[in-house]
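Protein chains in written order, with our numbering: chain A, 1 to 93; chain B, 1 to 93.
Just so you know, not all the hints are guaranteed correct.
If several chains are the same, the list does not tell them apart, and a pair holds so long as it fits within one copy or across any two.
Said to hold, decoys possible - List of simulated lysine to aspartate or glutamate pairs, EDC-like, C-alpha gap at most 16 angstroms:
id	residue 1	residue 2
1	Lys58	Asp15
2	Lys27	Glu48
3	Lys34	Asp15
4	Lys34	Asp13
5	Lys58	Glu83
Hint data in this document are derived by calculation from the structure and do not stem from the laboratory.
Single-letter residue listing:
2 protein chains.
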Amino acid sequence: MELITLVIYDIPDDDLRYQVAKYLKSKGLKRIQKSAFAGPLTSAQRAELIAGLKKLIKGREANVQVYPLTPASFNQRVVLGVELKYEEEEHVI
Amino acid sequence: MELITLVIYDIPDDDLRYQVAKYLKSKGLKRIQKSAFAGPLTSAQRAELIAGLKKLIKGREANVQVYPLTPASFNQRVVLGVELKYEEEEHVI
Chain A
1 MELITLVIYD
11 IPDDDLRYQV
21 AKYLKSKGLK
31 RIQKSAFAGP
41 LTSAQRAELI
51 AGLKKLIKGR
61 EANVQVYPLT
71 PASFNQRVVL
81 GVELKYEEEE
91 HVI
Chain B
1 MELITLVIYD
11 IPDDDLRYQV
21 AKYLKSKGLK
31 RIQKSAFAGP
41 LTSAQRAELI
51 AGLKKLIKGR
61 EANVQVYPLT
71 PASFNQRVVL
81 GVELKYEEEE
91 HVI
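Full structure from sequences and hints, please.
So this is what it looks like as structure tokens:
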């Protein structure tokens, strides 16, 4: 069963933050805030995602949290305010 | 029934971001990332929180998302990386 998987992250380093965003996009998740992505994943896909994230941030200053949401949780979410535009983050070298 | 309520926000303005963080703290939520708080709330408390947030960010450039999590969702969360330290944000005037 697919669950909406919510990923929120806190990564001070621009380059690593960009890499994580790119990785989440490559896994089919959509950006819902500057530092949050969400999308439907099976539990196997979620396990793969978690393993990939672990590898990416290993030893770095980063905090990433992954929440599998039931359809009820996701449908009961409340979104307030405006939809902010997120430019593609620059790849800072 | 209390559900863990997850609040994530994206607020470019320092002062408004500080006000929102302070408000969430005043409602008993705990900071789990720079721009994310969580804590148990009844549905009445959650409704009050949402009304308060709506008022705070009205007309401002802000996106705030509120997710009521089932105990299963919350217990299945995965936290990767390090626990970052968050200094109290300065109240920028």
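These are the hints, each one checked on the structure:
1. Lys58 / Asp15: Cα proximity of Lys58 and Asp15: one copy only (14 angstroms, versus 33 angstroms across).
2. Lys27 / Glu48: This pair counts as within: shortest intra-copy Cα distance 10 angstroms, inter-copy 36 angstroms.
3. Lys34 / Asp15: within (14 angstroms within a copy, 18 angstroms between copies)
4. Lys34 / Asp13: Classified as both: same-chain Cα gap 14 angstroms, cross-chain 14 angstroms, threshold 16 angstroms.
5. Lys58 / Glu83: Answer is between: at 13 angstroms across copies they meet the 16 angstroms cutoff, but 32 angstroms inside does not.
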